[in-house]
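Enquirer: Letter by letter, the chains look like this.
2 protein chains.
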Amino acid sequence: MTKKAVILLSGGIDSTTTLALAKDQGYESYCLTINYGQKHRIEIFKAKQISQLIKVKQHKILNIDLSSLVNSALTGADKVPKDRNINKIKKDIPTTYVPARNTVFLSLALAWAESIGAADIFIGANAVDYSGYPDCRPEYLLAFTKMANLATKAGVEGMLRYRIHAPLIEFTKAEIIRQGLSLGVDYSMTHSCYDPSPQGMACGACDSCILRRKGFVEIGALDPLNYA
Amino acid sequence: MTKKAVILLSGGIDSTTTLALAKDQGYESYCLTINYGQKHRIEIFKAKQISQLIKVKQHKILNIDLSSLVNSALTGADKVPKDRNINKIKKDIPTTYVPARNTVFLSLALAWAESIGAADIFIGANAVDYSGYPDCRPEYLLAFTKMANLATKAGVEGMLRYRIHAPLIEFTKAEIIRQGLSLGVDYSMTHSCYDPSPQGMACGACDSCILRRKGFVEIGALDPLNYA
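So the sequences go chain by chain: A and B.
Residue 186 in the working numbering sits at position 186 of the first sequence, and the numbers go up by one each step.
Here the working numbering runs 1000 ahead of the position in the second sequence, where the first position is 1.
Hints may contain errors.
Cut-off 27 Å, straight-line C-alpha distance, at most; resulting in silico cross-link-like pairs (DSS-like, lysine-lysine) [to be verified]:
#, chain 1, residue 1, chain 2, residue 2
1, B, K1039, A, K153
2, A, K90, B, K1146
3, B, K1153, A, K146
4, B, K1090, A, K146
5, B, K1146, A, K91
6, B, K1214, A, K153
7, B, K1146, A, K146
8, A, K60, B, K1048
9, B, K1214, B, K1048
10, B, K1057, B, K1153
11, A, K146, B, K1091
12, A, K91, B, K1039
Here are the simulated distance ranges between beta carbons [as the list claims (entries may be wrong)]:
#, chain 1, residue 1, chain 2, residue 2, range
13, B, A1228, A, G26, 47 to 53 Å
14, A, G26, B, D1065, 28 to 34 Å
15, B, K1090, A, G158, 16 to 22 Å
16, B, D1065, A, T2, 22 to 28 Å
Sample of chain B residues at the chain A side, in silico, Cβ under 7 Å [unchecked claim]:
#, residue
17, I1093
18, P1099
19, S1107
20, L1110
21, A1111
22, W1112
23, P1134
24, E1139
25, A1143
26, M1147
27, A1151
28, T1152
29, K1153
Quick caveat, the hints were computed from the structure, so don't treat them as lab data.
Backbone N, C-alpha and C define an ideal beta-carbon position, used for all residues, glycine too.
Let the sequences and hints guide you as you build the complete structure.
Expert: This is the structure we're talking about:
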């Protein structure tokens, strides 16, 4: 029987590589992209293209106006920080942090997973080359898993045992890209920038661009994106 | 300093009583109502009226199309079960169960709570006179609380210690109503029915109506609603 998995797909490097890994492991892919009011909503368009290219089983885009609830440089008027030192990026939780974002996303993934009978949820969380977001750490994901199995009919009745997979959590960005390239991921399809131009060109200077560029440099590969 | 609390408000008996309790405990009330595609969306209108009447600090209504992700008699084509025996209501998880609903709702409440600096989240969950939903049980709420404190910047940095309050969790419906009446709650403003008429009249026969009616009968009070 085919194993179904819900995969949170933002259209960035991490989630696209995670999708490729899930497919490689034989999962039938149900991809979920959240339009939450992010400034860089071009990523939603990218996620759609990636889903079509990778031929996933299903791709859903769900709208939820998180920007009406939260303060974040990713959704509000605050400027996205630029040209930060890599050590600083990895140390402080920056203004691009979106309160409870992964919790909201995983909750929605869980709702869909229970409805389609999927026990497996994939998320591209990474706790190495990342921005210090608390909801990207293993201890958080473990706590979410425990909660998920108490929250659901399938979990409580023992029909499904939910697992949150974060296969990239201990990888550096370079290792993620190397892994993705070995699986044939086309990174020209992905979007990482928090603050793209109106035409969708990456700024090259936000935390997300810096981590991406560093990853490509470290493995000596060419980042297929153009930067402003 | 005023304590802020986010209160999940559906417009039913339990959440309205919970709001009255939070206000009575001196919390500044930030009420959140979710329009998730429920058939009985008249409850959203009721929640708005209640928020105005009780003069809450803020009331937000967030749209999220859960019906595109989940199967439930509350959101889809399946019929809402009627005239069920009270013991059966309390034993099985019925088709009105909405996968991961409270997890999605609490996640959104958490996002808002972190943004406004509120450590306290109130939910009208009840594990006595209820429909057996797994996400209404104390062990679930405890697991959510642990997860929430690992998920958030405020939790991780020790600025806030999140608490999920479910003050009605061990109450019977009768006790809830008695408590609400003592606080001056006007239950004519509330809506409980899962399957109201197009004009919003309660059916009187769904699980939610049965539990409500039983509660009023048990304390010898008059339910101010008319039933079809």
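Enquirer: Sort out which numbered hints this structure fails and list those numbers smallest first.
Expert: Per hint list: 8 and 12 violated.
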